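Novice: Read off the chains here:
There are 2 protein chains.
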Amino acid sequence: MSAIAPVKGTRDFYPNQKAFQRWMYDHIRAVSEKFGYQEYEGPFLERLELYAAKSGEELVQEQSFVFPDRGGEMIALRPELTPSLARMLATRSKSMIRPIRWWSFGPFWRYERPQKGRSREFFQWNIDLLGVDSPQADAEIVVVAAAFFKAIGLTAKDVRIKVNNRRLADQQLDKLGVPPERHQQVFRLIDRRSKLNAKEWNTYAEEIGLDQEQIVGLEDLLNNSVAWREFDELKDFFDAVEQMGASEYVEYDPIVIRGLDYYTGNVFEAYDAVGEERAILGGGRYDDLVADIGGEPLPGVGFAMGDVVTGIVLDKCGVRPDLRANPADVFIPTFDESSRGEALRLAAELRVAGLKVEWFPEIARLPKQFKYADQQGIPLAVILGPDEIELDQVAIKDLRTGTQTTIPRSKVIERVRELLEPRNEL
Amino acid sequence: MSAIAPVKGTRDFYPNQKAFQRWMYDHIRAVSEKFGYQEYEGPFLERLELYAAKSGEELVQEQSFVFPDRGGEMIALRPELTPSLARMLATRSKSMIRPIRWWSFGPFWRYERPQKGRSREFFQWNIDLLGVDSPQADAEIVVVAAAFFKAIGLTAKDVRIKVNNRRLADQQLDKLGVPPERHQQVFRLIDRRSKLNAKEWNTYAEEIGLDQEQIVGLEDLLNNSVAWREFDELKDFFDAVEQMGASEYVEYDPIVIRGLDYYTGNVFEAYDAVGEERAILGGGRYDDLVADIGGEPLPGVGFAMGDVVTGIVLDKCGVRPDLRANPADVFIPTFDESSRGEALRLAAELRVAGLKVEWFPEIARLPKQFKYADQQGIPLAVILGPDEIELDQVAIKDLRTGTQTTIPRSKVIERVRELLEPRNEL
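So the sequence lines, in the order shown, correspond to chains A and B.
Read left to right, the first sequence gives residues 7 to 432 (this note's numbering).
Read left to right, the second sequence gives residues 7 to 432 (this note's numbering).
Hints were generated in silico from the structure; no laboratory data involved.
Quantities reported herein were computed from a predicted structural model and do not represent experimental measurements.
Incorrect hints may have been included.
For identical chains, the list gives no copy identity; a pair is met inside one copy or between any two copies.
[What the hints assert, rightly or not] Derived DSS-like pairs: lysine-lysine, alpha-carbon spacing no greater than 25 Å straight-line: (1) Lys-403 to Lys-100; (2) Lys-122 to Lys-362; (3) Lys-362 to Lys-24; (4) Lys-100 to Lys-374; (5) Lys-322 to Lys-362; (6) Lys-156 to Lys-168; (7) Lys-374 to Lys-322; (8) Lys-122 to Lys-168; (9) Lys-322 to Lys-205; (10) Lys-122 to Lys-201.
Let's have the full structure, built from the sequences with the hints guiding it.
Specialist: Below, the structure is given as structure tokens:
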């Protein structure tokens with residue numbers, strides 16, 4: 007029979023791909039902890055109504071995997087984490103000590119057309135600071151993003167974090183005479199700007215009720231790169247970013263508005279600097295979400311970063327690390343049946359001594375076994391055949407150099423440690 | 007409004023719960039790597055037909071979350087990993103170097119009645135050795151399980167790994183005159199033994215066509231604890247377990263047979279020693295699965311361990327570690343608006359020096375801020391108020407002792423490192 011195919015848009019992580027993901031996770035963890043954030047995780051399944059409340063129509067109606075469970079209730083595979091975070095905090099919001107600094111890295115699902123940079127199953131880093139509403143809190147979250155980029159080798163020439171503010175945008179739309187109940191629609195129009203051509207953009211703008219004067223006014227707004235200077239919340243934000251040493255990564259951009267409905271203040275997205283249309287990460291301030299989901303009012307700010315686009319940007323900038331799965335320290339071949347038991351005892355002994363030991367699980371020609379060990383990247387082989395057992399010795403072969411020496415069995419741990427030392431110094 | 011409830015059988019991981027999960031993951035990783043296994047991950051969604059092939063009716067028909075995707079295809083939230091592993095290997099089986107030693111830790115879903123030890127969303131450690139069919143390979147996998155138990159503090163008095171062999175069971179059923187096509191049904195009967203009372207058991211046995219003589223014969227088999235001595239595959243297996251130093255954890259038990267259809271040789275389950283009915287982990291040899299899913303024939307052996315039951319056993323044995331989320335090294339309070347910028351600069355400077363630094367993101371009474379830092383478990387506070395800025399000094403408060411000293415600003419990194427040193431030695 008032919009192989010059963012995987013589900014479209016899902017990913018298989020073979021060991022070298024998993025090693026890359028672990029590398030990314032390790033950097034995410036290190037940066038998150040450097041700023042005092044604690045790791046948490048939400049469920050992967052949530053009731054659809056959790057998202058229906060605030061996530062925005064497109065995400066819920068068009069992009070979520072939704073199904074009835076056996077009890078008939080509508081369940082969603084989580085398309086984002088912030089509503090789960092809000093639910094978890096709403097449940098305990100009275101007893102939680104504030105500020106709350108939490109981060110997470112886990113899987114998410116969206117029903118999108120699979121293409122470069124998008125998969126239906128993907129991983130996301132989420133990080134949030136809750137319990138305080140200040141431009142400095144917003145700045146810290148953006149500085150965390152910049153610190154992560156720096157840590158993985160992406161410079162301020164490679165990536166830009168673009169910031170805007172929904173309260174500023176509301177003021178600007180008020181001035182254009184756009185009624186407040188239409189602002190959300192205009193935000194969605196702005197969010198689609200890079201996806202539409204001039205004509206489509208104009209048609210969309212007319213459809214949501216903007217007249218030509220308002221459309222021209224909106225164009226002017228989106229080209230005004232200095233509006234932030236008259237807006238205290240953004241001035242204080244950029245001051246704090248400068249104080250935390252991340253100015254080079256961060257700039258004002260009136261086109262950034264975010265598609266999700268729940269943002270209330272500063273919003274931001276990171277792009278690679280050569281102008282891809284898809285954001286590496288995006289986030290902002292959401293001061294009403296926890297109360298909307300049933301908790302005490304709890305202001306928050308945070309962002310989410312997907313793993314797929316980040317990997318593409320690392321490739322593009324030529325800084326993706328060359329990783330392989332972590333090899334063992336010592337390889338133990340299987341010589342013949344008579345010596346196999348002693349080889350297994352030796353392997354167990356070396357493991358007790360703290361070494362990583364891989365044993366070849368069948369009798370085969372030694373060159374074949376050494377070739378396997380070399381392909382795995384294992385530096386040393388310890389050989390215990392019938393002759394060595396007879397003489398109470400072991401042979402140690404350095405697979406990096408080909409050198410082989412014979413030593414007393416009792417010295418094996420000591421000698422292996424000596425031979426590995428230069429490796430550990432690398 | 008009242009809070010939106012989570013989906014029944016899902017779990018929220020607040021930071022202290024996530025810290026426990028990370029502790030378990032860290033041990034799983036260390037033990038897996040100690041035996042030379044490489045980390046991988048499969049997709050969370052698979053086509054239903056992948057499981058329909060070999061996983062067994064109960065798992066697929068009754069326990070899986072299944073839904074049609076937007077294209078109408080039937081998709082399952084993975085209830086187990088082995089079929090995905092087989093699919094991944096089937097795709098590349100010609101080019102893979104053997105043996106293949108892989109492990110994984112990730113989420114799974116089963117539609118079970120939520121109760122102690124069962125949740126609908128759970129995590130599983132999967133570990134497999136493929137490309138070789140030998141009792142020694144089976145023994146290695148079982149020794150990995152024993153090494154994990156030892157590492158997390160569960161002794162051979164706390165947990166037992168019980169082993170049986172399907173080829174031996176086939177021979178035994180042949181002798182009872184049970185036709186080969188009924189063996190799978192008898193295996194399912196044996197697998198349910200602990201869940202049924204004597205009468206239910208007898209009724210089930212009759213339903214699948216056993217006569218009274220066969221039922222009595224089967225009872226005898228299930229009480230015979232020495233049958234392994236006449237069966238080479240199990241004798242070699244127990245020899246290898248002894249050679250690898252794990253005999254105390256491992257014993258023969260004819261009642262262990264496993265519910266899944268794809269096992270072909272040795273099978274095993276671990277239980278806590280006071281006789282819980284639910285297995286901590288289970289696995290066995292599956293020599294036909296990769297070929298059945300469309301690849302080259304590739305024999306394999308492996309097991310899966312759930313996180314929920316393992317946690318319960320740790321509790322029961324009184325060895326669950328007392329974990330808290332990893333706190334920052336240094337706390338920086340916010341004194342007033344005039345000094346806030348300098349405090350942010352100081353935080354950034356300490357982070358560049360490699361320290362984990364949490365900053366209090368709003369102006370509040372200092373005792374309140376120190377109380378927060380103490381609750382977080384942060385050992386040191388570095389204070390930079392208007393007076394300190396004026397004098398180019400900082401105050402360092404040791405939150406463990408209450409001692410506060412004032413030092414020149416330029417000495418801060420050096421002094422913080424000194425004060426943290428005894429902590430790092432703990």
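Novice: Now tell me if each hint is right for this structure.
Specialist: Hints and how they fare:
Proximity of Lys-403 and Lys-100 under a CA criterion of 25 Å is satisfied in neither setting, with 63 Å inside one chain copy and 29 Å between copies. Taking CA atoms no more than 25 Å apart as the test, Lys-122 paired with Lys-362 passes in neither setting, with 38 Å inside one copy and 36 Å between copies. Only within a single protomer do Lys-362 and Lys-24 lie at most 25 Å apart by alpha-carbon distance; the minimum there is 19 Å, versus 27 Å between protomers. Taking the shortest alpha-carbon separations for Lys-100 and Lys-374, only the inter-copy value of 17 Å comes in at or below 25 Å, while the best intra-copy value is 64 Å.
Within a single copy, Lys-322 and Lys-362 get their C-alpha atoms no closer than 35 Å, and across copies no closer than 31 Å, so neither meets the 25 Å cut-off. For a Cα distance limit of 25 Å, the shortest separation of Lys-156 from Lys-168 inside one copy, 16 Å, qualifies, whereas the shortest one across copies, 51 Å, does not. With identical chains, the CA atoms of Lys-374 and Lys-322 are never at most 25 Å apart, being 38 Å at best within one copy and 47 Å at best between copies. Taking the shortest alpha-carbon separations for Lys-122 and Lys-168, only the intra-copy value of 23 Å comes in at or below 25 Å, while the best inter-copy value is 48 Å.
For the identical chains of this complex, Lys-322 and Lys-205 are neighbours neither inside a copy (31 Å) nor across copies (68 Å), given an alpha-carbon limit of 25 Å. In the homo-oligomer, the alpha carbons of Lys-122 and Lys-201 lie at most 25 Å apart inside one protomer (16 Å), although the nearest pairing across protomers, at 50 Å, exceeds that limit.
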